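S.K.: The hints should help you fit chain H onto chain L, whose structure is shown.
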Amino acid sequence: MTVLLEIKNLWKDFGGFVATRDVSFDLEEGERHAIIGPNGAGKTTFFNLITGHMAPSKGTVKFRGRDITGMPPHKVVKLGLARSFQRINIFPRMTLFENVQVALMSREGQSTNMFKLCFDLHVEETYELLETVHLREAAHETAGELAYGKQKQLELAIALAEKPDVLLLDEPTAGMSPSETNEAIRLIDRITKERGLTLLFTEHDMGVVFGISDRISVLHHGEIIARGLPDEVRNDPDVRRIYLGEAADDAA
Amino acid sequence: MTAPLTAFGKVACLVILLALLALPVIGSDYLIDIGTEMLIFALFALSLNLIIGYSGNVSFGHAAYFAIGGYVNAILLTTYGWPLLPAFVTGVLAATLTAAVVAYFCTRLTDIYFAMLTLAFSMLVWAIAFKWRSVTHGDDGFVGVTVPALLDDRMRFYYFTVIIVVASIAVLWVITHSAFGRSLVAVRENLGRAGFIGIHTRRMRWQAFVVAGFFAGVAGALFGMLIKGMYVESAFWTQSAQVLIMTLLGGIYSFFGPIIGAAVLFMLERLTNEYTEYWPTVLGVILLVILLFLPDGLVGLGKRLTAKAKGKDKTEGAT
Chain L
3 MTVLLEIKNL WKDFGGFVAT RDVSFDLEEG ERHAIIGPNG AGKTTFFNLI
53 TGHMAPSKGT VKFRGRDITG MPPHKVVKLG LARSFQRINI FPRMTLFENV
103 QVALMSREGQ STNMFKLCFD LHVEETYELL ETVHLREAAH ETAGELAYGK
153 QKQLELAIAL AEKPDVLLLD EPTAGMSPSE TNEAIRLIDR ITKERGLTLL
203 FTEHDMGVVF GISDRISVLH HGEIIARGLP DEVRNDPDVR RIYLGEAADD
253 AA
Chain H
87 MTAPLTAFGK VACLVILLAL LALPVIGSDY LIDIGTEMLI FALFALSLNL
137 IIGYSGNVSF GHAAYFAIGG YVNAILLTTY GWPLLPAFVT GVLAATLTAA
187 VVAYFCTRLT DIYFAMLTLA FSMLVWAIAF KWRSVTHGDD GFVGVTVPAL
237 LDDRMRFYYF TVIIVVASIA VLWVITHSAF GRSLVAVREN LGRAGFIGIH
287 TRRMRWQAFV VAGFFAGVAG ALFGMLIKGM YVESAFWTQS AQVLIMTLLG
337 GIYSFFGPII GAAVLFMLER LTNEYTEYWP TVLGVILLVI LLFLPDGLVG
387 LGKRLTAKAK GKDKTEGAT
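Sequence order for the protein chains is L and H. For the first sequence, the working numbering assigns the number 3 to the initial residue and increments by one for each residue that follows. For the second sequence, the working numbering assigns the number 87 to the initial residue and increments by one for each residue that follows.
Isolated chain L, as found in the complex (with noise of 0.2 Å):
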């Protein structure tokens, strides 16, 4: 196996608040990886270190042996991670057709021509994306005036679009309903499988992850608790400590 991804002891620090502790991590190609951990264990964190938007204070990011360390998100990007986002983060007052559109330009380097009327570029691409996150029919309403979950696929369409090796998923499902939560992770657990897609993403409710992921690594206060199949997460004694002991305390 390739590994991807190649992370070592990361550190990030806040004025004191030490929010990613030396964390080390290897992602390899094709696995569909989970990381889980409460709210405020340093997952949004611990992604924008990889993607550029913040400068660890110690350690390296490789991607494919190359090293990213600090590396702005543009360039990131063009290297083949694509990220969504925890918080909507689309262009509201774009169509959703524009959104995707202009995520494939950039790809195609295109994003400074000037003189390349935009209309005919990349019609159909555009469409199968917003086909592919079951959002061909609204192509042309504006994206801030969508539903929230549709918002969340928009958002998966614009990742696509970069074509990327790895996708990265801030929390796919926040803010979802069940049921909405279910459909999400029906439609990343295709999209990934159909494209071949080397899969990364966070999310805070355990019970979410088990279905569409190879292997598990658990963040608490930044730092990397526990990793491993499914099945031995689930079954860690620290893990369970960490989440059935914080449920009773919310239950109390």
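Errors might be hidden in some of the hints.
Stated by the list, open to error - Short derived list, chain H residues pointing at chain L, Cβ under 10 Å:
(1) A213
(2) E275
(3) F282
(4) Q293
Claimed, not checked - Not close to chain H: a few residues of chain L, all C-beta gaps over 12 Å, as computed:
(5) E130
(6) E139
(7) D191
(8) P239
Treat the hints as calculated values from the structure; they're not laboratory data. If you're wondering where the values come from, they're calculated on a predicted model, not measured in any experiment. Glycine included, C-beta positions come from ideal geometry on N, C-alpha and C.
M.R.: For chain H alone, coordinates are given in the frame of chain L:
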């Protein structure tokens, strides 16, 4: 914004173009002068909208590039006796190059910091025009611009302006509807996300600023020849504010909005001045109305009204 011009848009463009060509035949000298100046300001406002509407940054210093285009062209024509073409081109290039340098610094910033830095640079340009008396004649104004004989005629200069402005608008239309134009809107809508679909956002914003500087320079060069003079007021922040209000009035989320805004504001100013001396007061009220009731300008208002009318048609059809 998905399709090229609608049928209505095409007809409207054609009608306006014909009206522009026919104006000198039917109109008085006064109308021709007004028409020329209106066209120049339409281009000026349109160039600014590339920064405001398309890249999502407010510039408080767009007059700088207008003034540089105007001064350089005027000085080269008059003091150095250059022919029109090289003088005009040099004026526009000077504006463009200045914009390229200023944009290099401004695009490091966003929001209010961006706006303040554009203002600071424009005040620098104003100070140079004001203090460099030997070249610009300072606040006496650079009067008596030598306009080439070919254009030293009201009607011919009008047609010259029509050609330059219409061609510039066409180029700007292509730019705003290009891959670049659409990606720029994405940058405006969500800077962070645009970066993460691989768009080099800072370079995009720089590019938009430079193009805007180029066309502001064109407008300025035309303006200096129209009024046969350049004055430091053209570089002052109030000039930047005026063109900003024109752009807002027309509507920043529409390609043609700034043209409409420029025309309407210009006519209002002329009309008001015939009755009272309180144009700044009227301008203040206009600004208030835009900010409170017309967030997307006259074009936005028009769109909302037509949408409403269409909605009514539908419900009536249903019953």
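S.K.: Using Cβ atoms only, decide whether Q293 (chain H) comes closer than 10 Å to chain L, and label the hint accordingly.
M.R.: For Q293 (chain H), the interface hint holds, since the closest Cβ of chain L sits about 6 Å away, which is under 10 Å.
S.K.: So, E275 (chain H) near chain L? Judge it on the closest CB pair being under 10 Å.
M.R.: 4 Å, holds
S.K.: Is the nearest Cβ of chain H still more than 12 Å from the Cβ of E139 (chain L)?
M.R.: 15 Å, holds
S.K.: Far enough from chain H: is every CB of that chain over 12 Å from the CB of P239 (chain L)?
M.R.: The claim stands: P239 (chain L) keeps its Cβ more than 12 Å from every Cβ of chain H (closest is about 38 Å).
S.K.: If we take the beta carbon of E130 (chain L), is the closest beta carbon in chain H still more than 12 Å away?
M.R.: 17 Å, holds
S.K.: For the hint on A213 (chain H), does the least C-beta distance to chain L fall short of 10 Å?
M.R.: 33 Å, violated
S.K.: Would the stated hint for F282 (chain H) survive a check requiring a Cβ distance to chain L of less than 10 Å?
M.R.: Holds. Min distance 5 Å.
S.K.: With d taken as the least Cβ-Cβ distance between D191 (chain L) and chain H, does d exceed 12 Å?
M.R.: 24 Å, holds
In this structure, the one hint that does not hold is number 1.
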